[in-house]
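Since chain B is already given, all that's left is putting chain D with the ligands on it; use the hints.
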Amino acid sequence: MTEQTSPSPKTTTDDIIIARDVHKWFGELHVLKGINLTVKTGEVVVVFGASGSGKSTFIRTINRLEHHQRGEIIVDGIAMTNDIRNIAAIRSEIGMVFQSFNLFPHLTALENITLAPRKVKKLARSEADAIGMKLLERVGIPEQAHKHPAQLSGGQQQRVAIARALAMNPKIMLFDEPTSALDPEMISEVLDVMQSLARDTGMTMICVTHEMGFARAVANRMVFFDHGEIVEIGTPKEIFEEPKQERTKQFLSQILH
Amino acid sequence: MTAESIRPPRTVIGPIAWLRENLFSGPISSIITIVLGALLVWVAIQVGQWALTEARWNVVSNNLRLFLIGQYPADQAWRLWAAMAVLSVLAGASAGVHGLASRMLAVTLSAIQLLLAVLMLFSPIGITAVAAYAFNAAIVWVAMVAGFRGLVPRRPLGWAWIVSLPLTFYLVSGFAGTPLESISSNVWGGLLLTVLLAVVGIVLSFPLGVILALGRRSELPVLRILSTGYIELIRGVPLVTILFMADIILPLFLPGEWRLDRIARAMGGITLFSAAYVAENVRGGLQAIPSGQIEAAHALGLGGVQTNRYIVLPQALRAVIPANVGLFISLLKDTTLVTIIGLLELLGISRAVLAQSDSFGASLEVYVFIAAVFFVLSYAMSQASYRLERALGVGTR
Ligand SMILES: Nc1ncnc2c1ncn2[C@@H]1O[C@H](COP(=O)(O)OP(=O)(O)OP(=O)(O)O)[C@@H](O)[C@H]1O
Ligand SMILES: [Mg+2]
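As given, the protein sequences belong to chains B and D, one line each in that order.
Quick note: the first sequence, position 95, residue 95 per the working numbering, numbers continuous.
Quick note: the second sequence, position 312, residue 312 per the working numbering, numbers continuous.
Just chain B, same shape as in the assembly (with noise of 0.2 Å):
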C-alpha cells in the first residue's frame, strides 16, 4: 500500500458510499487490499485497471454479493454487517447492471422488471406494469416489452437489464463492463442510456468500465486499481491529462495506444 494516493475519508452528510480499510481474501488470495473510497451523492465514479486487479470483487462488496472481511462500508448511513435486515435494506437502495446482462430467460422483458417491484414491494400487477413501460421506454425499447431475452439483441438485453434496475428506484447504480460483452455497434446504445442516466437524474454511479470516451464525457472521477489496490483518483482531466503515478501511465498508454 506504498502508493496509496486516496485521502482518509471524511464522512459528511453527503458521502452516500463509504469504504475504509475493505479487505478481501478468496482462501489464500489476497484481492482487495485495504480499499478506501468515498462517493458523494450524484456522484459518478468510473473504476478502471487491469484485468483480475479487483475491479469487479470491489463494487460486489457494495451490495453484498462479495463479504469483504476486514474494514467497514456504510451505504447511505447504513453499515454493512452480517445482519440479514441491513443487506436487504442496502440492496433496496443498490441496483446492479452486469456484464452478461443476467435476464431471467423464462420471463418477457416486461416480467424481468416488474418482478422485483411486484414480489418485493408488493406493487399490483398493473402498476409495476405502467413502471415498467415507462422504463423500458427511457431506456428505447417500449416494443420489446413482450419478447423473451434470447429474442433480443445484446444491446436491447443490455437495456432491459438497466431498466430492471432502476425499477427498484435505487438511490445508486453499480456497472460492472456493462459493454465488454456487446458488439461493437452496440455498445453506444448503452453508453447513451448510462450517460443519460448520470446527466439527467443526477443518479449516484460507480462504473467498471474500459470506455475512456465515457469516462470523460460523464465521470466526475476515475478511480485506477491494480492488485486489489486503489493507486490513483483524480478526475478525468487530471487522469488523462497529468496522472501522477506511474503504473497509471503505463496502463492508460496500453489501452490508448
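Any given hint could be a false lead.
No more than 25 Å apart at the CA atoms, straight line, and that leaves these computed lysine to aspartate or glutamate pairs for DMTMM-like [what the hints assert, rightly or not]:
{"no.": "1", "chain 1": "B", "residue 1": "K147", "chain 2": "D", "residue 2": "E389"}
{"no.": "2", "chain 1": "B", "residue 1": "K171", "chain 2": "B", "residue 2": "E185"}
{"no.": "3", "chain 1": "B", "residue 1": "K119", "chain 2": "D", "residue 2": "E295"}
{"no.": "4", "chain 1": "B", "residue 1": "K121", "chain 2": "D", "residue 2": "E295"}
{"no.": "5", "chain 1": "B", "residue 1": "K237", "chain 2": "B", "residue 2": "D183"}
{"no.": "6", "chain 1": "B", "residue 1": "K171", "chain 2": "B", "residue 2": "E242"}
{"no.": "7", "chain 1": "B", "residue 1": "K121", "chain 2": "B", "residue 2": "E93"}
{"no.": "8", "chain 1": "B", "residue 1": "K40", "chain 2": "B", "residue 2": "E137"}
{"no.": "9", "chain 1": "B", "residue 1": "K40", "chain 2": "B", "residue 2": "E242"}
{"no.": "10", "chain 1": "B", "residue 1": "K147", "chain 2": "B", "residue 2": "E137"}
{"no.": "11", "chain 1": "B", "residue 1": "K147", "chain 2": "D", "residue 2": "E295"}
{"no.": "12", "chain 1": "B", "residue 1": "K171", "chain 2": "B", "residue 2": "E246"}
{"no.": "13", "chain 1": "B", "residue 1": "K121", "chain 2": "B", "residue 2": "E177"}
{"no.": "14", "chain 1": "B", "residue 1": "K33", "chain 2": "D", "residue 2": "E295"}
{"no.": "15", "chain 1": "B", "residue 1": "K119", "chain 2": "D", "residue 2": "E54"}
{"no.": "16", "chain 1": "D", "residue 1": "K333", "chain 2": "D", "residue 2": "E389"}
{"no.": "17", "chain 1": "B", "residue 1": "K121", "chain 2": "B", "residue 2": "D83"}
{"no.": "18", "chain 1": "B", "residue 1": "K171", "chain 2": "D", "residue 2": "E295"}
{"no.": "19", "chain 1": "B", "residue 1": "K122", "chain 2": "D", "residue 2": "E295"}
Bear in mind the hints are in silico, worked out from the structure with no lab data behind them.
This is chain D with the ligands only, laid out in the frame that chain B set:
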C-alpha cells in the same frame, strides 16, 4: 444492395421417390428392406391369426370387473363413477380456463374413460357402467367448452380442486356411520389400485423430491447432510426391500392404535423411494441455472425463498420434465411390485384370475391385456410430456 430474396428449394417428393430414396437406395439396403419386410409380415400374420382365432379373449372380458376394480363391491361401483365424474368436470373446466398441460390431462382422461366404456361393452359388467363412463368422457368436453367460454370462475375452480381430494377419497373409501358405508382398502384392486398407487406416488414424491433437492444444495450443513444421506440411502436400496420394510417395519414404529392400512404403507414406500430419484433429477436442473441469475435476483432484493420460487425452480423444473416423466412412467410400472406384499393391483389380480379353473391356459391373453393397459397409460404419459415440453418451450428459450 438489395439482393432479391428467393424461396427455399422445394423438398416435396412423391411416394415412389420416397421409397427409392429411403428403402431401396442400393443393393444392400434393398436386401435388408426385403428381409425385414418379410419377417414383419410373417410376425403380423402369426400374431393376427392367434389374436383373431385362437385367443380366448372371453377370459379377459368375463373378468373385466376384477381387472378394473378388484374385489371392490359391484353394487358400490357407482361411487367410483361419481368420483371420476368429479375429476372429469374439474379437468375439463381447467383445460378450458388454463389450456396447456391441463388440456392434455383432460383429453387423456376423456379418452381413457371412453376406452373403458368400449371395453365394458364386451363384458358382463352391464350397460349402466358403460353409460356412466361414456357420460364422464363427454362431460370432460362440456366442462372444457364452458371453461373456454369464460363460464367458469378461476378462483373457485382452484378451491374446487382442493375440495375434490377429500371428496373423491370419501366417495371411493366411504366412512363408517355415514351415508356412504366404509369400503376396506383390502378389497381395492386391479387398475383402480394401480392408478391410485401411481397417482399418489407421483403427486407426493414430486414436491418431496424438490424439497430434498433444494436441501441438498442448502447452505445449512444439517439440511445438506440429511438430504444427501436420505437420497444416497434410498438410491442404494431396491424398491422391493423398501416395500417390505414399509409393510413390516413401519407398523412397529407407530403407536399401537395407529393402524396404517396396507395400501397407505405401500403408497408411503413408493413415495419415499421415488422422491430420492426426483431429487436427483431436479438437482441436475438446479445446477444448470447460471449463478449470475441468482446474483441478479439477490441484487434486486429478492430473498432466498423468492429467488428459488420465481427464478430457479421455474427454469429448473421445466428443464427436467423429460427426465421426471420418464421416472414417473417407471413408477407406474413399478407399482406391480406391490404384489409381493399381497396387494392385488393389475398384475396381482391377473394371477388371481389365472388361478380360476375356467381361465386355465389363457395366461398369454391375460398378460397381453395387462401389457396393453400399461402401454396405453405409459404412452399417454409420454405424449403428455412432449406436449408439455412444447407448450413450455423447453430448450427453445
Ligand atoms: N469467486 C472467486 N473465487 C476465487 N477467486 C476469485 C473469485 N472471483 C474473483 N477471484 C479472483 O480475484 C481476483 C480479482 O478478480 P475480479 O473479478 O475482481 O477482477 P477484475 O478487476 O474485475 O477483472 P476483470 O477485468 O477481468 O473483470 C482475480 O485474481 C480473480 O481470479
Ligand atoms: Mg470484472
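- Task: Take a quick look at whether K171 (chain B) and E242 (chain B) sit within 25 Å of each other, Cα to Cα.
- Result: violated (32 Å)
- Taken at face value, is the distance from the CA of E242 (chain B) to the CA of K40 (chain B) at most 25 Å? holds (24 Å)
- Message: So if I understand the rule, the pair passes when the alpha-carbon distance is 25 Å or less; does K237 (chain B) with D183 (chain B) pass?
- Response: violated (28 Å)
- Item | Restraint status (C-alpha distance of K121 (chain B) to E93 (chain B) at most 25 Å) | holds (12 Å)
- Regarding the pair K119 (chain B) and E54 (chain D), is the alpha-carbon distance no greater than 25 Å? The given pair, whose Cα atoms are some 66 Å apart, is violated under the 25 Å limit.
- Hint consistency between K333 (chain D) and E389 (chain D) [alpha-carbon to alpha-carbon, up to 25 Å]: Measuring from Cα to Cα gives roughly 22 Å; hence the hint holds.
- Message: K121 (chain B) and D83 (chain B) were given as a pair; does the straight-line alpha-carbon distance stay at or below 25 Å?
- Response: holds (20 Å)
- Under the criterion that the straight-line Cα-Cα distance not exceed 25 Å, is the pair K40 (chain B), E137 (chain B) satisfied? violated (29 Å)
- Message: Hinted pair, alpha-carbon criterion (25 Å max): K121 (chain B), E295 (chain D). Please report holds or violated.
- Response: Holds, because 19 Å separates the two Cα atoms, which is no more than 25 Å.
- Message: Holds or violated: K122 (chain B) and E295 (chain D), Cα atoms, limit 25 Å.
- Response: Since the Cα atoms of K122 (chain B) and E295 (chain D) sit roughly 21 Å apart, the hinted pair holds (cutoff 25 Å).
- Task: Would you mind confirming whether the straight-line C-alpha gap from K171 (chain B) to E185 (chain B) stays at or under 25 Å?
- Result: violated (30 Å)
- Take the C-alpha atoms of K171 (chain B) and E295 (chain D), compute the straight-line distance between them, and say whether it is at most 25 Å. Cα-Cα ~19 Å, so holds.
In summary, the structure is inconsistent with hints 2, 5, 6, 8, 12, 13, 15 from the numbered list given earlier, while agreeing with the others.
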